[in-house]
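Q: We have chain A already, so just place chain B on it with the hints.
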Amino acid sequence: MTDQGREEFLNEAQDIIEAFARNLLAIDAAHKRGVSQPELINEAFREIHTLKGLSSLFGAKGLSSLTHRLEDLLDGLRLGRVEIAAPVLDVLFSAVDVGHQLLSQTATDDDPTLESKVKRVVDAISALTTTRREKEETSPNSIDPAILGVLTEYEEHRLRANMDAGMRLFRIRVQFDLMTIDTELSALKDSARQIGEVITYLPTGESTAPDILELDLILASSQQLSAVTSLLGGETAVVDEIPLGRTTSGPSRVSVSPLSMARSSVAVPSMKPLTGLSEMPHKSSRLTAQVNEQRLARRAVRVDIYKLDRLMNIVGELSILKSNLYTNAEAVRANHNRQLGGELHRLHRILERRLEDLQNGILEMRMVPLGQMFDRLARGVRQISRDLGKEVRLVVTGAETEIDKLIVEELGDPLLHMLRNAIDHGIESAPEREKARKSNAGTIALNAYQKGSHVLIEVEDDGRGVNEEKLIARAVATGVIDESMAAVLSREELLGLMFLPGLSTREDVSEVSGRGVGMDVVKTNIARLGGVIDVQSERGIGTKMTLTLPVTLAIFRALLVKVGEQEFAVPLSAISEVNLLDSGTREIEGREVTSLRGATLPLCRLRSFFGLTRERSQQREFVVVAQVGERRLGLVVDAIAGQQDIVIKSLGASLSLVRGFSGATELGDQRVGLVLDVAAILEEMLSPGDTLRKVVVNG
Amino acid sequence: MVERLVTSARAARSELSKAEILELLSFSCNDEAFAVDLRAVHEIVIPPPITHVPRAAPAVLGVCSVRGQLATVVDLRRVLGLPAMDTERRARILLARTSETDLVGLRVDEVKQVVRLNVSQIEFTGQAFGNDGTEGVRGIGRPPGGEVIVLLDLIAVLTKGCG
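Protein chains in written order, with the numbering used here: chain A, 1 to 699; chain B, 1 to 163.
Please note: incorrect hints may appear among the correct ones.
Covered by chain A, per the in silico footprint, the following chain B stretches (three or more residues, Cβ under 8 Å) [unchecked claim]:
#1 52-60
#2 97-104
Residues of chain A placed beyond 10 Å of chain B at every Cβ, according to the derived structure [as the list claims (entries may be wrong)]:
#3 Ile350
#4 Lys390
#5 Gln450
#6 Arg597
#7 Ser650
#8 Val658
Since the hints were derived computationally from the structure, they do not count as laboratory data.
Even for Gly, the Cβ is constructed at its ideal location relative to N, Cα and C.
So that you can see chain A by itself, here it is in the shape it has in the complex (with noise of 0.2 Å):
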């Protein structure tokens, strides 16, 4: 195999796998609710049978055999032959993981362990699927030989297993466009499962012209003839209940018999290129839909982002040159000619819009909603929440989100933690919830929305809420801060605590959460993507986390501000307003502080905070108002000098300890801009340890 056929071939089977997992979590929360989902579990065998041709394919060995067992599973379980129960799930579940670390494995593709691990889930595999219970068997009478004689196994399955849930089974016989039968059909189908299964379609043999399908659907539902007709018949759909034989009431208007012709042929002379339609008729419109989802798919190309970081910087240097095309502009309007000075600037503009235009069509390939990473999360949830014996309810909202590719590769774990600390600290166990009058699932809810240039996600929990006397006593007996400090601690810094290295507030120290190391790394981790944490806490009623994360970190736009002579990039999605120092400052335990509509604005003064001594005599102060999160802090500088847009660069290893900037810019005439990290100056201002130190030395 070739080194890109191997990576085509990953990719495509992670692929299916994540789509296999999304489908289980389904089937799994389904599952909890009582409530069965052929459909999924159908959809999930046939991503499992696409996997296993896939893998025999190319000759990889360990999932090639483990897809094969899985899909006897998948199989027992539509046709019902497994019934869906937890351990089946956990069984489902563990394959999915072996499944990703097979592929991360396949270079080594016979390591002992990994076989020893496939060994064990295909052994679970065999021994859920021997023990099979007897399929029951409805009375035979009951269905319309005609009907039964043209189903698949599948099909007829499921047509018992609604006939045995006293369903009402209706035909609708409907007529397509050719061209458009694709979208009509799935749209009918979509509006029929709002009311029941799609048992089956097959085509009638019948048309009336001949670019005109007719299509017979059958279907299974609890609803009266009527409400079926108002929602599904039309122009050209008529529907009609199918007698069963154990309702004899109702007039049968309708004879099946067509069906059973369909099946052996279907004389369409017209449908010439759909050749395969008359040898497998009942088939092939879910093929042609298949395929045209696999075209679709064909179509997107992988690349990888260091490209498009590439393109980035490039587009930065366009707009560099932009801006030096328009001072010449200007400069030939002046001095020279202003016919060819209006021209110039007419081009500076067009080139600007096109610029923009390129600039949005690379962010936009950099971003990825946040639901694979979501379903990943879910899929930990389940599997901490079953390690640690609670039952957990995960209520996912905004999973269509969409934020930086890189931003999201780091985001895993952070929230991974979070969640594991919300279910492990957070969630009280069961006995204790039923005190509290709580219901006994605990729900976690992750939420994401974007708003601005940021993306917010919450991990809220229902539980028992930060107990800070816990807290407070831990920070006091690690030696963080002492008990005359406790006392002056506002609520927010308080909670702020936990962020510190080594305070973990449960005594009992669980393998799940660690001993209180992780949540300060969550920090960090957030910190370096330009992100804060933001905690809330009721006692007994719950905790929520909020993340504020910028959408991307590729080009952002930027305020230039002055301190001195020299020039600041600030991130405008940072700042929430600009005013003029105007209104008096005051000193509040040791800290400068304005008054910004009635409310204290805490104030940093740009010029004492980086060091900067030359002094320049300042009539006029400007405030740049900046917001992360729910936290402001007003940067006292000299002058606003405009805005831009920056393609920001690190500044490298060998000054990765100056803090205050992420990076820094280029500004046009090989200028270079230091741009703020704002979220790291709001930090070093405002964070309890500052406040700490502060109560220490003016106390």
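A: Chain B alone, transformed into the frame defined by chain A:
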């Protein structure tokens, strides 16, 4: 015949000693002569505008852009603790890669020339000599008939300067 033999013997000897010859780039700083191994120098540039980086180590002059890439600039004067002097006109920056991704430059007063010295003309500093103030100094070069040159380890000086 004899003469031919002598010549070839000489040639062999110079072949042999070629391996022991160091190519050095010599430059001045506060009127003292220094040199670094030429192979360590990535590029020599006229100083572009340099942006001061607050809170960086005292020897760091700031950052600049060299054809789109950021470089940290270290002032040799400050690394060696020499007094400030006004030498703007001929100043140059010797750029070196301190890691695969990092570009760091050393600002010197004036670049002189490439000097070839035999290792026998260099007194390398001993272990005992290589502590605090003199780390980064590899030895003293004595070119025949020329002034004494302080031989520096460019990467070590830059790393030290960045603190």
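Q: Decide, hint by hint, whether the structure agrees.
A: Quick rundown of the hints versus the structure:
1. For the region 52-60 of chain B, the assignment as covered by chain A holds, since 6 residues bring a beta-carbon within under 8 Å of that chain's beta-carbons and 3 suffice.
2. Against chain A, the region 97-104 of chain B contributes 6 residues with a C-beta closer than 8 Å to a partner C-beta. That satisfies the three-residue criterion, and the hint holds.
3. No Cβ of chain B approaches the Cβ of isoleucine 350 of chain A within 10 Å, the least distance being about 25 Å, so the stated non-interface status holds.
4. Taking the minimum C-beta to C-beta distance to chain B, about 45 Å, the non-interface status of lysine 390 of chain A holds against the 10 Å cut.
5. Even its closest Cβ contact with chain B, about 31 Å, leaves glutamine 450 of chain A beyond 10 Å, as expected for a residue assigned away from the interface.
6. No Cβ of chain B approaches the Cβ of arginine 597 of chain A within 10 Å, the least distance being about 31 Å, so the stated non-interface status holds.
7. The Cβ of serine 650 of chain A does not lie farther than 10 Å from every Cβ of chain B; its closest approach is about 7 Å, which violates its non-interface assignment.
8. Not every C-beta of chain B lies more than 10 Å from that of valine 658 of chain A, the closest at about 5 Å, which undercuts listing it as non-interface.
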